[in-house]
Structure formats: C-alpha cells, structure tokens
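Participant: Here's the letter readout for the chains.
Protein chains: 2
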Amino acid sequence: MAVIECIPNISEGRRSDVLDACSSAVRSAGAQLLDVKPDATHNRAVYTFAGDAQQVTAAVLALMDTVIRNIDLRQHKGEHPRMGAVDVVPFVPIDGVTMAECVTLAGEVGAEIARRHNLPVYLYEEAARQPARRNLEDIRRGEFEGLAAKMQKPEWAPDFGPSTPHPSAGAVVIGARMPLIAYNINLATNRLDVAKRIASAVRHSSGGLRYVKAMGIALADRGIVQVSMNLTNFEKTPIARVFELVKREAARDGVAILESEIVGLIPSAALTDAAAWYLQIEGFKSEQVLENRLRME
Amino acid sequence: MAVIECIPNISEGRRSDVLDACSSAVRSAGAQLLDVKPDATHNRAVYTFAGDAQQVTAAVLALMDTVIRNIDLRQHKGEHPRMGAVDVVPFVPIDGVTMAECVTLAGEVGAEIARRHNLPVYLYEEAARQPARRNLEDIRRGEFEGLAAKMQKPEWAPDFGPSTPHPSAGAVVIGARMPLIAYNINLATNRLDVAKRIASAVRHSSGGLRYVKAMGIALADRGIVQVSMNLTNFEKTPIARVFELVKREAARDGVAILESEIVGLIPSAALTDAAAWYLQIEGFKSEQVLENRLRME
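Chains as they are written, first to last, in this note's numbering: chain A, 12 to 308; chain B, 12 to 308.
Each pair may be met inside one copy or between any two copies, as identical chains are not told apart.
Keeping only pairs whose Cα atoms sit at most 30 Å apart, straight-line, the calculated DSS-like set for lysine-lysine is:
{"hint": "1", "residue 1": "Lys247", "residue 2": "Lys207"}
{"hint": "2", "residue 1": "Lys224", "residue 2": "Lys247"}
{"hint": "3", "residue 1": "Lys258", "residue 2": "Lys247"}
{"hint": "4", "residue 1": "Lys48", "residue 2": "Lys247"}
{"hint": "5", "residue 1": "Lys88", "residue 2": "Lys224"}
{"hint": "6", "residue 1": "Lys296", "residue 2": "Lys224"}
{"hint": "7", "residue 1": "Lys247", "residue 2": "Lys296"}
{"hint": "8", "residue 1": "Lys207", "residue 2": "Lys296"}
{"hint": "9", "residue 1": "Lys258", "residue 2": "Lys207"}
Just so you know, the hints here were simulated from the structure itself, not pulled from any lab data.
Just need the whole structure built from these sequences, with the hints factored in.
Facilitator: See below:
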C-alpha cells in the first residue's frame, strides 16, 4: 500500500469548533489524522495526515470545503504570513510511492480545487512548473492583502483557476516535497557565537550542505546553545553527515555535543540509513527491516 | 495491531510437495508467510511467518496437522540435530505485544498440540517452566532416536502430553524468545587469528557481552576474515555496542573494519536504536517514527 503524507496549513488557530470540523472532514474522508497543531499567535493550524492517493485527495478536498465555509481571510489577523484560507498543501512520499507520483497528485488536486471553488492555485517545490515558483516564500510574498495586485502581473498568473483571488479564501499553494526533519543539536557550552558559527558553516544558504537550514540559538533556561535545523532532503543530505559535520565544527572550538533531538515525526528510512552508515552495513536493503516486509504484502 | 513472528523449524528439506503443503497451511490460516528456507543437507526447513496471536496460533496448528500427515521421523536422515517432525516453534514479539504475552501464547499452543495429537511438548527459552529447559540444545540432546529413553527420566517429563514420544513425530519444543539478529563484521585483513580472538572477546560464552554468540571465520574467496555473530537480545545488548567493541578490539591489532552485514531480517527498533545512539538523540520515542504512528491507529 502506498503511503503519502499531507501537511496542510490553514489560516485558523483559535476557534476550536472550526479546527474540530476540519479534523472531522479529514477523518471522514478516510485519511489517518496524525497530528493537529494550532497556534493562536500565528492564528494558523498545521494538520498532518496520511493515506493512499485516493484517501489524501478526498481529505484535502473535504478540508478545503470545510475551510471555505468557515474562514474568511478578510477578517483574519495573525503573526504568520499567509495568502490563503487553506494556505499551503504539501504532499510527501513516505512508502511505496515516488516523488513523481506526488507531483502528479499535486497537479490533479490543484486542478480539482480550482474547478470546485473557482479559486487560484499555485504549484510549488517539486510540483512547480516554473523555477520561480519552487520557493513558497516567493509565491506568498505580499500575502492575501497584496494578492489581487500581484496577480495582475503576467508572471504571477496561477497554475489553475481564475486570475483574481477568491474573495474570502485568497489562493492556495499546493506541491510535493520530501519529508522535512526538524533536527536540533545541543552543544555543551553557553557560547552563542559557537552555535551561530556552526549553523553558518553547515547551512546551504551560507556555503554548507545542500538540504540544511540552520540557525544558532540560546537555550537560556538550560545555559546551553543549540544548532536548530531543518533537513529538507534526508536522502541527499543524510542526518549522519549533518551530525558528523556539526560535531567536527564544534570540536574546532573545543566544544562537545551534549545531545540531539528529533522534533516531531521522522521517516523510518532516515534513521535506518543513519544506522547503516555508522554500522558500515554493506548492501543493506529496506526489505530487510521486518516491519517493512509486513507492510509490503 | 499486535505483530508476532513465528519461526517453526520442520524436519523436511527435500520433498517440495510437502514443503508446499506446509506453506499453504500457514497461508490458509491467515498468517503472512515471509520466508521459507529449506536445506537439503540438513533435511530441514525454516518457515518464517507473522500475524496476530490468533493468526499465528492457527498457522502453527495447521502446520502441525500437515507435518504429522507427511513426515515420519523413523525414515528421516539429515545433518541437523532434531527430535520432532515439527522440531522447534519460537514465538517472537515484534510490535504491540509483550514477551509475557508470547510466553502465554507458547503455553496455550503447546497444550493444544499435545491434546490434538497426543504428542509430548517441551517449553523452552523465555517460556521455559524449569531453568534446565531454557536452552534448546539441552532439551534436544539425544535427538529423536534417544527420546524414548530420555523421557523415562523424571526430569525430562514433558510440559504437556504423554511421557512417551509420538511414534512418527517425536516431540516438539515450543517457546518464546527475542528476535535473533544475524550480524557479521568483515575485517580488512586475512588474519584468521584476529577474527577468532575478537569473537572470543565479544561473545558471552568466553567473557564477552551477554547476548552475543560469535565465531571467527575466513572468507577465503575474498581474502578477508569475518566475525560472524548472532545477537539474541538487541534491547539488552544493542547492535551499536557490539559494533563499537569489535571495532575497538580490531584496532588493538591494527586492523580496520571493512564493512558489516545483516543477514536476513532485522526489527526496525534494532536499527533506530543504533541511529539514536550514534546521533546522541535524547528522549527519542518510537512513536516519532512516522511509520510506527501509521501502524498504531
């Protein structure tokens, strides 16, 4: 059975009746709801669910219907940038499904949402059909309030739907990406400069590893510092390589690694790959993992 | 859903019609047949299947019925020690099930087999009700040919069933144990003495780690040597600790580790534990593995 993860972000983080209605919509569609994280300050909620292509499609469409009925961006205020009532919908290949299939799925779901609700849809990341739309931040710049003007420019015509925003729901960004791993490494020091230097050394934007975003922060209550990271493609930039590079850079400053932490969920393969790397396992196949065999047949 | 693995060894490794009938029996009972490994020299086959308690119980009983109809130990010759037509039946907790539940299951299945076939049953390993019966080799010593005499001794009265062997099927040993991991480490040397010394250093029987069996062997065709191991409890003697100890002992002799290999199946937890150890992940929970969450609900 194919397993696709889907992590829609919606522009509501306060009204529990609306949040509950969205959860019910996802569950009723047959997807497995794994997590709901509302944030009142951001006035935004992140839903995480999984299923096969049919289940996640049904869940996204049901969620969209529920949100359109309940959220009006003209009344919405919150700290987090947003341009849609359903703001962003990434599909993530987990098991028995390729990235190419998730890209196709993003296109199909996007077309259907545009048709149903007469709502503009942009495709991003792996599903982007133009290089300038790979990056979510570029699409969302200007937010809901600036969307009507932005959409007048030919280069910001949507991939599906009308060339004007939906009055209450704005536009939605749909795409496909690798699983994101939130990975932090705590250093046995209170020297923030060391954490910041290491973050700068390992992150892509300043010359580091291709699929690493990183910043150095202080954990003031514990008197230590942290290299806080997002790993955006664990197949191409594996977690073991990130850990070893941070460790080496820390040693340069005479600092040891205290511990690391995975925030939230991590795909099994990211950890088994790390084990295989450290244990120097040759020719390891994921079918050798007993649980994978059980899922396969 | 609980997942129990069951790995019966039967005393037939040559007649494919009998082997196929056994496979069909397991599948028809609703268990998921993962592997069948017949060995003509040993005249023995190892079946690996999985399911919940009800499915694996039904599969063992169906397998027993099929074997009783088709295998007569009075006609059986093979290299491998054996005392039963179905020789040994271990139950292994994999997911959502405790060792205690597998011990209970072994007792229930043992009692039922004794009742159905008037066949003596011994309980071994974690399911053993006497310390002298923990070790399979001790129960099996004397084999089928010596069984009638052995069973005359009061200390070898079976846990269930009659005090004489079944005429054609002997006796069966049923129990519960942790998953066994076949783990080999290849050394970048052709010095067999080094592999043998390391095996002796890490294995339980000569002073090493509690749940490690090991021997040093030559891989003549590759011109290297191997520390060939069975890890019998990866929770108490984790794979990372075994690897690091072998590596350290090899370094003592100026030898590097070339690679390691997992033979056959390994439970996911054995690898994620190793990743968490090397990456120094603090407070890691198996529920953080995305696939485990999907199985849970």
